[in-house]
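Student: Single-letter residue listing:
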Amino acid sequence: MLRAEDLGRSVPGKVLVTGATFEVHKGETLAIVGPSGSGKSSLLRLLNRLDEPTSGTVYLDGVDYRQIAPRELRRRAGMVTQRPYLFPGTVADNLQFGPRQRGQELSPEVVEELLAGVGLAGYGSRDVANLSGGEAQRVSFARALANSPEALLLDEPTSALDDDAKRGVETLIQQIGREQGIACVLVTHEVGQAERLAERALILEAGRIVRSGPVEEVLRA
Amino acid sequence: MLKTWFHGQLQLGLAQAGVAALAALSVVLLAHRRGIHLEKELVIAMARGLVQIVAVGSILLLLLRRPSWTSVFLLLVMIVAAGATSARRAKGMPGAFEVSTGAIACGAGSVIALMTLLGVIDTPITALVPVGSMLIANAMNTNGLALNRFRSDVLAHVGEIETELALVADGKSSVAPYVQVSFEASLIPAIDSLRSLGIVWIPGLMAGMMLSGARPVYAAVYQFVVLAMIFASSGLTSLASTLLIRTRVMSPADQLILRPGT
Numbered sequence: 001m002l003r004a005e006d007l008g009r010s011v012p013g014k015v016l017v018t019g020a021t022f023e024v025h026k027g028e029t030l031a032i033v034g035p036s037g038s039g040k041s042s043l044l045r046l047l048n049r050l051d052e053p054t055s056g057t058v059y060l061d062g063v064d065y066r067q068i069a070p071r072e073l074r075r076r077a078g079m080v081t082q083r084p085y086l087f088p089g090t091v092a093d094n095l096q097f098g099p100r101q102r103g104q105e106l107s108p109e110v111v112e113e114l115l116a117g118v119g120l121a122g123y124g125s126r127d128v129a130n131l132s133g134g135e136a137q138r139v140s141f142a143r144a145l146a147n148s149p150e151a152l153l154l155d156e157p158t159s160a161l162d163d164d165a166k167r168g169v170e171t172l173i174q175q176i177g178r179e180q181g182i183a184c185v186l187v188t189h190e191v192g193q194a195e196r197l198a199e200r201a202l203i204l205e206a207g208r209i210v211r212s213g214p215v216e217e218v219l220r221a
Numbered sequence: 222m223l224k225t226w227f228h229g230q231l232q233l234g235l236a237q238a239g240v241a242a243l244a245a246l247s248v249v250l251l252a253h254r255r256g257i258h259l260e261k262e263l264v265i266a267m268a269r270g271l272v273q274i275v276a277v278g279s280i281l282l283l284l285l286r287r288p289s290w291t292s293v294f295l296l297l298v299m300i301v302a303a304g305a306t307s308a309r310r311a312k313g314m315p316g317a318f319e320v321s322t323g324a325i326a327c328g329a330g331s332v333i334a335l336m337t338l339l340g341v342i343d344t345p346i347t348a349l350v351p352v353g354s355m356l357i358a359n360a361m362n363t364n365g366l367a368l369n370r371f372r373s374d375v376l377a378h379v380g381e382i383e384t385e386l387a388l389v390a391d392g393k394s395s396v397a398p399y400v401q402v403s404f405e406a407s408l409i410p411a412i413d414s415l416r417s418l419g420i421v422w423i424p425g426l427m428a429g430m431m432l433s434g435a436r437p438v439y440a441a442v443y444q445f446v447v448l449a450m451i452f453a454s455s456g457l458t459s460l461a462s463t464l465l466i467r468t469r470v471m472s473p474a475d476q477l478i479l480r481p482g483t
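Sequence order for the protein chains is A and B.
Numbering (the working numbering) for the first sequence: 1 to 221.
Numbering (the working numbering) for the second sequence: 222 to 483.
Hints in this document: simulated from the structure, not taken from any laboratory.
In this text, a Cβ means the ideal position worked out from N, Cα and C, and glycines have one as well.
One or more hints might be untrue.
[Stated by the list, open to error] No farther apart than 25 Å at their CA atoms in a straight line, the calculated lysine to any residue pairs in the SDA-like style are these:
no. : chain 1 : residue 1 : chain 2 : residue 2
1   : B       : 393       : A       : 100
2   : B       : 393       : A       : 99
3   : A       : 14        : B       : 481
4   : B       : 312       : B       : 327
5   : A       : 14        : B       : 315
6   : A       : 14        : B       : 380
7   : A       : 14        : B       : 406
8   : B       : 393       : A       : 71
9   : B       : 312       : A       : 15
10  : B       : 312       : B       : 253
11  : B       : 393       : A       : 88
12  : B       : 393       : A       : 52
[Unchecked claim] Sample of chain A residues facing chain B (criterion: CB under 7 Å; computed from the structure):
no. : residue
13  : 68
14  : 70
15  : 74
Could you put together the complete structure from these sequences and hints?
Tutor: Structure, rendered in structure tokens:
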């Protein structure tokens, strides 16, 4: 579904990512694991072209992503970041953000369905200023899902949450992969989380993939 | 007091400049005590300013009897210099010089041209260059304020902007709120100048006109004319620069180029 080939990015004086080749299939979760500064987030940002690769490319269903309009690419490969960055207004306003960029409006039923999917049924009219950290992160998942993505790029989505909220979001990630058939790429520095959520993993060190394969083999090697 | 010690006009002028510079330096000293270091920037700016204004004064003296089109050349040079100066307030922003120069040319240049054509600004070099330079200088300040505010707002909201981009927003609309705030903030000094005209301050141009024999009412009205022109040229410049710069901080693939560390 999503295949990176020899993907890399350098900025003057620094190689952020180099020679990254991997793929992730529909309904599968791939974990990118590595210490701080190893280039995990930099690699993730290349997958939806928030940053421009200086080498290699990404194929989405076999099509070079440079042939896809950036906004369409980002609709198909949604992203959830460590901090949810909700927009001022209601939860429903946040879910409508993406569709409205494309001139579409979600019906109240679809909004409710998306919220129920992330465990927030009935939250549509709530002001985002009054949400807990875990609720805010669930809203950011629903907001990304409102664009009907085929892949989700998850950048340490639980690292700012307490244990309870973290477990809830982990369950949500499992559901998204299994029930909606969405390909997930999960950046995490937690080996345990990668084992719980991913089928396959790759380990990044200094911007280079040093191991990749089934999660048990890679993380216990 | 200075007049009792200095009798020649030039000596008196230099002494007055020295005292005024001391006042500015004392502010730098106060700022230094609070850990704010403006020494180098201010000393260079004051030295440059003094040399430049004396040089322009001398050039004007030489050009007094030249044809009017000479002023167009002088004003163009001023626009380029203003573009270079205010672009320094936009460190790390790609194309800041081109954007600043283009915006000042569009804002100040068009107002000067229109007002000269309509007869609001007189064509002799002694009128066109000083009034034109006032419009350019104010447009430069407004442009610097707008770009500086835009830069700091974008850098403070990288997360929000990239969240919008990741949610399919286009580059221009994701920075639009910061364009609007920068535009509004940059015009605060020009609006306050107009609002407080005659109450808080009596500008030098009016005083100069009265000293040279103009009727006080005409001098006052013309001062309003100048400030209205300053507002028009500053507003147009700020509008142009904020609209132009938003296309420079985004790549054609809607990627935010201006990021911390750039």
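Student: Are there hints from earlier that the structure breaks, and if so, what are their numbers?
Tutor: 7, 13
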